[in-house]
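Protein chains: 4
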Amino acid sequence: MQKIKYGLIGASGRMGNEIIDVMNEKQNELVFKYDVDGEWQKELPEILIDFSLPSAFDTTIQYALSFNCPLVCGTTGLNGEQLIQLKNTSQKIAIVQSFNFSVGIQMLIKCAQMLTQNLTDWDIEISETHHRFKKDKPSGTAIMLKNAIEKEVNISSLRLGNIPGDHEISFGGLGEVISIKHSATSRRTFAEGAVKSAYFLLNKRNGFYSFQDVLFT
Amino acid sequence: MQKIKYGLIGASGRMGNEIIDVMNEKQNELVFKYDVDGEWQKELPEILIDFSLPSAFDTTIQYALSFNCPLVCGTTGLNGEQLIQLKNTSQKIAIVQSFNFSVGIQMLIKCAQMLTQNLTDWDIEISETHHRFKKDKPSGTAIMLKNAIEKEVNISSLRLGNIPGDHEISFGGLGEVISIKHSATSRRTFAEGAVKSAYFLLNKRNGFYSFQDVLFT
Amino acid sequence: MQKIKYGLIGASGRMGNEIIDVMNEKQNELVFKYDVDGEWQKELPEILIDFSLPSAFDTTIQYALSFNCPLVCGTTGLNGEQLIQLKNTSQKIAIVQSFNFSVGIQMLIKCAQMLTQNLTDWDIEISETHHRFKKDKPSGTAIMLKNAIEKEVNISSLRLGNIPGDHEISFGGLGEVISIKHSATSRRTFAEGAVKSAYFLLNKRNGFYSFQDVLFT
Amino acid sequence: MQKIKYGLIGASGRMGNEIIDVMNEKQNELVFKYDVDGEWQKELPEILIDFSLPSAFDTTIQYALSFNCPLVCGTTGLNGEQLIQLKNTSQKIAIVQSFNFSVGIQMLIKCAQMLTQNLTDWDIEISETHHRFKKDKPSGTAIMLKNAIEKEVNISSLRLGNIPGDHEISFGGLGEVISIKHSATSRRTFAEGAVKSAYFLLNKRNGFYSFQDVLFT
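Residue numbers (this note's numbering), protein chains in the order written: chain A, 418 to 634; chain B, 418 to 634; chain C, 418 to 634; chain D, 418 to 634.
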């Protein structure tokens, strides 16, 4: 597999650390980083990965354009205006944007859509369990799942200990039940999704892509 | 095991049928029954089991007193006045009364109480899943479970297909989770609990007992 | 929905009873039956459903040919020769044959195949739980599931109480896990699958179909 | 809560780091450490915690005796002779020794024992799921669980991704199932158990204790 020289915005954050670990294992080289401690650069990156904060968004865009390289954008909490700006920027450089870089969640969604289409008269329930510190109820991913199946379904939210994130969707017919459950066991999974997106972008000049595009095209 | 001559009120109902099945397997003999089709009697019963309706309550009490035999009362929906009358009657005959004759649910409660006492700073969540036709939310058993642990905990209720009844209580600490789940796979379990209560009462002259007394004394 | 006049071979068996229940609810009429008690006929059936024993196989074929009507064949334990005979017969009449008429299991297989194709470097585990009386380990459905994903995976078999049948397939990556679980809550689900197959066959003159064909064409 | 001056053997290991984190949160002070990088000492510790290797066992004992302070010993892989030496040493200083400092696993065992005693004719199944790198099958904790209930039960072992460790014990009767599941979500839980043991030992002069003693006395 090709070795990549990459840049990282938000390098000192939790996700930043995970991404460095995954990139190291694949013998890719960090040549640029930017975070609360400032900027460090060794060479021009071939790709830029961003897991920072909405407040650093403008800086991210400027760096991506000045490097003229693809961008993986995983920063959460971006507003509508910033998303539009990102799409506009994708006319010049290739961008993958997602709020969830877990392969498994994308597969959960695909299974859920298939079951919803085939089991039309079955009941559907979504439930999610997260650590006690999570403030939003239900989780963004649960809402994303509900939107993906295009049904008005009940979402149950449980808050327990420090569970990274479980999502389950259950289908109940008269005589049988199918449940699909996704559990994140660490943040590493999100880092791997971001790295997969980086490889996906390597030979692309421009365009705006979702994480589903990365996985299924 | 001793062979019992028993009477059954509500003999033609769903629970009545299950009880007859369980009693037959133990080679006990039905010598009296009463239901919508009227009364049938062959001999004097040694014990009376009642799974009928609150409207038949007075009849049940009269039969129990006239037979002067112990009574297992599993009729749901009894009001406060009827429960008091039942307790008064227990001065003359031995009575087991419960709204849930499942051994497993009683064990679930005992485990939940032990965990609650030992894991004082863990989060607790209750969830229950029942068939789509169930009208009350949350289930009575979930409320019973919440009362048993004496904590203000969240109850999630899911409605799916024709699931007889699942109850789960989860405890989450920072670094680990324990969940206890009970699933009823058929009504038979309730019939077995009632029959166990019948054996428990055989040598008792009077007194008012719960299903927990049957199991743990 | 069209009212059907149907025949049933194995009418007095457990599955036979379930099928009569489901057909009654849809106001279809039983006009022919055959079982250990002999033959009963009122009219010529438009479709024949067979849940009997391999020993009755020849009789089933003769009836189907003499009625010149489609056949749903759910008898288990048929040998290779009988299956070939069934396929030959399908040149004259339309036939659906399956060892498992549960919609959910078919959906489980479809999801499992999709996940296997997309999560190529994830670990896979199959587990199944059945009642204590089940003699074969692992279950035929677990083997069917393993064959469907075309991978050498471990199957864990648990035997507990009177569980009708649970099947789970889990996929584990570094950082996340996806599990799909199917639970049968009653035999009714298999009856519904057979009835669905009957409707599928109504306008077909001949041909050999699987239950997957019924569901997805 | 009392502030403790503590010593740590194996300070630079994974468990060592977790213990420092938990102790820091409780504002306890590390005053002595020993690991592959050598010895560092600021003051005399009130308690010594050891999560190192069997090869450092003699050094640990010497330090504990020279400090004349209680010892929490969580090193795994100690042989029989070393365990006897540890017990002998406990005549002079108080010692807690365990191969598993998870509160939840101890509670799982207590629940499992209670259920085994009360549900004598139910089927029992143990299953455990761990990361793909785990070499032993079944896990030591699963064996410990089986020993604790003193029954010959089947253990199913699944290997998936990087799951830290799940253990489940299920009880199946005719009509109902109870399952208790423990999932470790991080090593932190073991660090907390070790710290709990440290507090337990603070006022003890000598004696040999298990982690169950810490939790339930």
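These are calculated hints, taken from the structure and not from any lab test.
Honestly, I wouldn't trust all of these hints.
Which copy? The list can't say, so a pair holds if one copy fits it or any two copies do.
[To be verified] Here are the simulated DSSO-like pairs of lysine-lysine, each with C-alpha atoms no more than 27 Å apart in a straight line:
#1 Lys551 x Lys443
#2 Lys552 x Lys443
#3 Lys613 x Lys568
#4 Lys459 x Lys598
#5 Lys551 x Lys527
#6 Lys527 x Lys459
Please work out whether the CA atoms of Lys552 and Lys443 approach to 27 Å or closer within one copy, between two copies, in both situations, or in neither? between (35 Å within a copy, 25 Å between copies)
Between the shortest in-copy and the shortest cross-copy C-alpha distance, which are at most 27 Å for Lys551 and Lys443: within, between, both, or neither? between (32 Å within a copy, 23 Å between copies)
27 Å Cα threshold - placement of Lys527 relative to Lys551: Answer is within: at 26 Å inside a copy they meet the 27 Å cutoff, but 30 Å across does not.
One pair to classify: Lys527 and Lys459, alpha carbons no more than 27 Å apart. Within, between, both, or neither? Neither, since 41 Å and 48 Å both go past 27 Å.
What label fits Lys613 with Lys568 when the C-alpha limit is 27 Å: within, between, both, or neither? between (31 Å within a copy, 24 Å between copies)
Up to 27 Å between alpha-carbons, please classify Lys459 paired with Lys598: within, between, both or neither. neither (43 Å within a copy, 50 Å between copies)
Checked against the numbered hints given earlier, this structure breaks hints 4 and 6; the rest are met.
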